[in-house]
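> Spelled out, the chains give:
Protein chains: 2
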Amino acid sequence: MKIGICAPSTPFTRDDAARVTALAAESHPDAELRFDDQCFIENGHFAGTDEQRLEAFVRLANDPAFDAIWFVRGGYGACRIAEDAIQQLKAPAKSKTYLGYSDQGNLLAALYKANIGWPVHGPMCADIRRKGGDQAIKRALDWLVKGSSKSLESSVEVGSRYAAFNLMTLAMLVGTPLMPDLKGHVLMVEEVSEYLYAFDRAFFHVGEHLKGVGLAGLRLGRVSDVPDNDRPFGETAEEIAQRWCKRFGISYLGEADIGHDSANKVVPFGAIG
Amino acid sequence: MKIGICAPSTPFTRDDAARVTALAAESHPDAELRFDDQCFIENGHFAGTDEQRLEAFVRLANDPAFDAIWFVRGGYGACRIAEDAIQQLKAPAKSKTYLGYSDQGNLLAALYKANIGWPVHGPMCADIRRKGGDQAIKRALDWLVKGSSKSLESSVEVGSRYAAFNLMTLAMLVGTPLMPDLKGHVLMVEEVSEYLYAFDRAFFHVGEHLKGVGLAGLRLGRVSDVPDNDRPFGETAEEIAQRWCKRFGISYLGEADIGHDSANKVVPFGAIG
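If you read the sequences in order, they're chains A and B.
Each residue of the first sequence is one higher than the one before, counting from 1 in the UniProt record's numbering.
Each residue of the second sequence is one higher than the one before, counting from 1 in the UniProt record's numbering.
Honestly, the hints are just simulated from the structure, not real lab data.
Honestly, I wouldn't trust all of these hints.
For chains that are exact copies, the list does not tell them apart, and a pair is met inside one copy or across any two.
[Unchecked claim] Heads up, simulated DSS-like pairs for lysine-lysine below, C-alpha to C-alpha not over 30 Å straight-line:
1. Lys113 / Lys211
2. Lys246 / Lys113
3. Lys2 / Lys90
4. Lys211 / Lys183
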């Protein structure tokens, strides 16, 4: 199991890469992690120019030596290269798993829309920095190496279809060429570092776009690190989700065990086998 | 000239309303400002429930005694009532000016789409709180009372069509039932309190939605109170706007004299007479 690691958004550090590599060597000796040098390029906000980030992802995805592509980190930037990336993918890209979340939802969405490989929402290398991050790394590797069902979000069942996104990332995806058809899917969303009014606004936008697509339902992951507004919003995040789901005729199915934290579980896009 | 004032988003205070009234009495004695009591209701984040905010706006808009509706303040909330509001507007609503910006872009958009009255992007009562805010209030009243061309954004010309929005507000509008057709329009956008990566992301989203509508061009207003990221983004706001405009085939026309500040000029939607 050879795993190619690249950074479609923001850069990682060699020190943290070494920590992930050491952890994996102990817990998953069958996994060979290959951090592409592009992970460590710094160019303003980004892990290199758009061209550098695009080139690294496409090269790894098209390399038949890799069984999976693991996104090193989110941050912002994948939407700038996702459409071009899809155009450049060839046959070897179609037999890989692609694992990440947050801003990498852009690539997961675009891959899923193009029916290329198996996009999976789950932990990334940068989660090593979190408290309990070792568990997130091991959970990701358990999925990549062994397809362990223990890594899965607990509501995921055989026979149903799923997609999972950071809500703000999804809000910026809807209506763009990157957005897949989610008819019949259970959609899981999570959020981090947004005011509740911005969470509410993003739900308005996503709901308006998805109200007619025939979702099987929606689950709400964790909404964490919410900044304090100058006054209380007046509803919890779950109440917000429930209200919008009701308004848009979307079935609210309860909580999802995903979020910007080390407990973030794995949600494969589409149906599990 | 009787001006009805309501709060489709967040509440105002009676003290600040008194300051606006006193200023207007001196500078524009012909203007009669009527702050609806709804402006002062507090309900969590909002100036009352959705029902209260909707009722006040619809009542004022449908009241033939008012010549104009002035939105007291932005904040967030107008998207939750805009579609219902449009459905309830009657003939008297069609001969009014509607003035505001920021979150009130939701109502300006919906009114413009429905061809109801004359939506205008410009200062609101809450601008009295800004440094130099008296000038913003006077500029707004000069437009409402006298249609003064001195209030206009300086690039606005007879014979062209315009629309102006806060970029994030617009990002949450595109693709929803509130969004008007901007074919042939010069679009002006401004931003406040967003990281440059979020500004870049919103430009991606808005550009993907508007690349095919045939805008006459785009102008960038002020991008203010940008939070410091953990590292520099690598481009200025104008460079971001220019890059996305180039990518999406939208003509970048330069700066616009609008923003979340007391210098914010007036931009009527559509064409000036």
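> Check the structure against each numbered hint from earlier and tell me which ones fail, lowest number first.
none
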